[in-house]
Amino acid sequence: MAEAQPLLEVRNLSVTFDTAQGPVRAVRDVSWSVGRGEVLAILGESGSGKSVSSSAVLDLIDCPPGRIESGQILFEGRDLLGMSRAERRTINGRRIAMIFQDPLSHLNPVYAVGWQIEETMVIHGTSRAEARAETLRLLARVGIPDPAEAAAKYPHQFSGGQRQRLMIAMALALKPDLLIADEPTTALDVTVQAQILALIEELQAETGMGLVIITHDLGVVAEMADRVVVMNRGEIVERGGAAEVYRNPQHPYTQRLIAAAPGQGAMRETRQDASPILSLRHVSKRYGAFTALHGISYDLHEGEVLAIVGESGSGKSTTARLLLRLEEASGGQALYRGQDLLAMSPRDLHALRREIQMVFQDPTQSLNPRMTVYQLISEAWAIHPGIVERARWRARVAELLAEVGLDDGYMSRYPHQISGGQRQRVAIARALALEPRIIVCDEAVSALDVQVQAQVIRLLDRLKASHGLSYIFIAHDLPVVRDFADRVLVMRGGRIVEQGDVRQIFEMPREEYTRNLLAASLDPDPEVQAQRRAARQAMETA
Amino acid sequence: MRLLLADKPASCAAVFLIAMLLCALLGPILLEEVASKQNLRGRNAPPFLFDQSWTMWLGGDQLGRPLLARIIVAAANTIAIATGAVIASMTIGTLLGLAAGWSRGRAGQLIPRIADVIMSFPSLLLAVIVLYMLEPSVGNIILVLAITRIPVYLRTARAEVLEIRERMFVQAATVMGASTRRIVFRHILPVILPTLVTIATLDFAFVMLAESALSFLGIGIQPPEVTWGLMVAQGRPYLVTAWWLSFWPGLAIILTTLSLNLLSNWLRIALDPVQRWRLETGGKKNG
Numbered sequence: 133m134a135e136a137q138p139l140l141e142v143r144n145l146s147v148t149f150d151t152a153q154g155p156v157r158a159v160r161d162v163s164w165s166v167g168r169g170e171v172l173a174i175l176g177e178s179g180s181g182k183s184v185s186s187s188a189v190l191d192l193i194d195c196p197p198g199r200i201e202s203g204q205i206l207f208e209g210r211d212l213l214g215m216s217r218a219e220r221r222t223i224n225g226r227r228i229a230m231i232f233q234d235p236l237s238h239l240n241p242v243y244a245v246g247w248q249i250e251e252t253m254v255i256h257g258t259s260r261a262e263a264r265a266e267t268l269r270l271l272a273r274v275g276i277p278d279p280a281e282a283a284a285k286y287p288h289q290f291s292g293g294q295r296q297r298l299m300i301a302m303a304l305a306l307k308p309d310l311l312i313a314d315e316p317t318t319a320l321d322v323t324v325q326a327q328i329l330a331l332i333e334e335l336q337a338e339t340g341m342g343l344v345i346i347t348h349d350l351g352v353v354a355e356m357a358d359r360v361v362v363m364n365r366g367e368i369v370e371r372g373g374a375a376e377v378y379r380n381p382q383h384p385y386t387q388r389l390i391a392a393a394p395g396q397g398a399m400r401e402t403r404q405d406a407s408p409i410l411s412l413r414h415v416s417k418r419y420g421a422f423t424a425l426h427g428i429s430y431d432l433h434e435g436e437v438l439a440i441v442g443e444s445g446s447g448k449s450t451t452a453r454l455l456l457r458l459e460e461a462s463g464g465q466a467l468y469r470g471q472d473l474l475a476m477s478p479r480d481l482h483a484l485r486r487e488i489q490m491v492f493q494d495p496t497q498s499l500n501p502r503m504t505v506y507q508l509i510s511e512a513w514a515i516h517p518g519i520v521e522r523a524r525w526r527a528r529v530a531e532l533l534a535e536v537g538l539d540d541g542y543m544s545r546y547p548h549q550i551s552g553g554q555r556q557r558v559a560i561a562r563a564l565a566l567e568p569r570i571i572v573c574d575e576a577v578s579a580l581d582v583q584v585q586a587q588v589i590r591l592l593d594r595l596k597a598s599h600g601l602s603y604i605f606i607a608h609d610l611p612v613v614r615d616f617a618d619r620v621l622v623m624r625g626g627r628i629v630e631q632g633d634v635r636q637i638f639e640m641p642r643e644e645y646t647r648n649l650l651a652a653s654l655d656p657d658p659e660v661q662a663q664r665r666a667a668r669q670a671m672e673t674a
Numbered sequence: 029m030r031l032l033l034a035d036k037p038a039s040c041a042a043v044f045l046i047a048m049l050l051c052a053l054l055g056p057i058l059l060e061e062v063a064s065k066q067n068l069r070g071r072n073a074p075p076f077l078f079d080q081s082w083t084m085w086l087g088g089d090q091l092g093r094p095l096l097a098r099i100i101v102a103a104a105n106t107i108a109i110a111t112g113a114v115i116a117s118m119t120i121g122t123l124l125g126l127a128a129g130w131s132r133g134r135a136g137q138l139i140p141r142i143a144d145v146i147m148s149f150p151s152l153l154l155a156v157i158v159l160y161m162l163e164p165s166v167g168n169i170i171l172v173l174a175i176t177r178i179p180v181y182l183r184t185a186r187a188e189v190l191e192i193r194e195r196m197f198v199q200a201a202t203v204m205g206a207s208t209r210r211i212v213f214r215h216i217l218p219v220i221l222p223t224l225v226t227i228a229t230l231d232f233a234f235v236m237l238a239e240s241a242l243s244f245l246g247i248g249i250q251p252p253e254v255t256w257g258l259m260v261a262q263g264r265p266y267l268v269t270a271w272w273l274s275f276w277p278g279l280a281i282i283l284t285t286l287s288l289n290l291l292s293n294w295l296r297i298a299l300d301p302v303q304r305w306r307l308e309t310g311g312k313k314n315g
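Line by line, the protein sequences give chains A and B. Here our numbering is used: the first residue of the first sequence is 133, the next is one more, and so on. Here our numbering is used: the first residue of the second sequence is 29, the next is one more, and so on.
Computed footprint of chain A on chain B, listed as stretches where at least three residues anywhere in the stretch have a Cβ under 8 Å from a Cβ of chain A: (1) 189-198; (2) 212-226.
Some, not all, of what chain B presents toward chain A, calculated at C-beta under 7 Å: (3) Val203; (4) Met204; (5) Gly205; (6) Ala206; (7) Val302.
Note that these hints are calculated values from the structure, not bench results. All residues carry an ideal CB built from backbone N, CA and C; glycine is no exception.
Construct the complete structure from the given sequences, taking the supplied hints into account.
Below is the structure:
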């Protein structure tokens, strides 16, 4: 590298956390650097240690239990680790700023947002009046409508995307030289994600700051990064230009990661012969004056995967909750084998629970932490006697576990003793225990890492064939839907915008909204992503 | 058992509590006679006179009765009242709390008001009224103390249920078709029980002292029956001249509560699958 000194350089950093089960080496011998005007992406799955090195940069690691074992962090050539706390505070915030995944928990709920942004400047020595003027300018710059009014509002009065904009405004208040963004768009809808990423990119180009973006999403890397560093189990396994790494991954881990990215397989061809197993007619739901569902109607055919996609607040989860009678519908019918699910007596409903099961988004929360895997699965038979006789419970649990790819050693484990992917397999086994006909998957793979996600999707696909299941697959992640679904239903604001076969939706979307949604979704391939961005910009200027 | 041995303080506590229970069971049978025999020459005899009979090692009370023997005999009444009151209030309070937390209907509105009524009524006044009308027997004292302590469990249980019922695993159970009873007792109760048990052990000391307050007012346990609380109260006028009269029964109360606390702490960890490893790894890194 003949280049001038990088803005920030992390050299051979090792961080260890002392836990009750012994020391855990979170990152080992990690080195990376970022220059002015450059975008570095740190890519890794959960537990890979991708956030640890940047936390060390901002002095956010709690010591103890954390320990920085070795290494240097050079900011403009000066070692941050050798500085006093007071010295580092003058750099944190002013020279290096950070934005976080969840803006709601990083904005103080009891102060107006304008005041909070002013405060960051006042702390670093700007006068109040000047800070106020600057705040209004910043709010306008990050695209908050009506800045003067917005500055007096509190964090809960903004939407998720707007809060992230506020965080960005706060981070940029002191014109930092380096911005670290830790999963800045993970909690956001696709269209909002695209806007926020575009905003960060613009601001970066405008100010010439360096940008470190930490993510698990290959799409974000493709959209943003010049260079990428791939981390696995606390070590950097690969580094290089974003396009090179995607085209020609060297390390087996990176190869697996890229191969597992959804949205690359062939789309399904829809069969025409299937008959509807479940028909919804004009189902609606109101909460007081707010209407969550405006009388929607659709059919689920036997043996198909019907994906319901939409952004948060579109009502896609509400349909599932109504079908399973977790909430009562305000109107309409849901016919399953000629019976109306929504008007069924509790006794009939109990029998029907067997036929329609659900897999929830987060298996950590949907499995009772105080029950073993065996208890969790066999509970189904205690609730519905007559499916499996008690003497055969153990053998049947073992069979079910084998079907989802776990051996019977897992029976006596508790949910916290197994990984996220294994937990979701247990949740699927539990749903299967009742031998249902329909499984509703509410964001069932969204909380999982890419590779595990691919495995779970393959599992669901295999079970569909072997058990004759039909799925209602609720998701916000379009590439996963593209790979897995037979038909797609696009929802927005409690209405169905468009429905059709997966090929039709992805290749010839009829509605403007569907086209926007597809354009906003990120592709792991940097070249494809560059084309999409061009297309999107063309659409905006048109 | 192996898990209990892994936690040294908890094993000591368990041993102490078992000894106390034995005292409570066997004490009145074996020592009733000795404990109530007056000996005016041994009035306020100081402790640690090892030449006397072993019952006098902790000294004698204002009537020369041996303190050690009296503490052992008093254990029976004290533990019966405290255990009875705590278990009764915990059971009733928890059941009401579960019902209040789960019910979306009228019960959910009404039951917390019961707690408000009990809490707004001075508990001592309630005790005076009840015990004035009824005989001041062990059973009635348990009744009074149990009623006054119900709101603590009721409110805690209700608040916890309100939170836990929204958790995903409760919804998962609903989807499987689990009955209300199953959800409440199999899924919700085990999660809130550790909190309630911890409160109960703290309440144990409170109840012992409340009982002594009743005795002091003359509406609780009356001499010649004896409890630790009553012994503390009786020793109060002599605190300056003969501290041991109140000290030893007070120490018994403290040690019992402390032991219960240690044991409940251990129980909380042992019953929680997420925490259990702390005991299984041999306790060398406890905490």
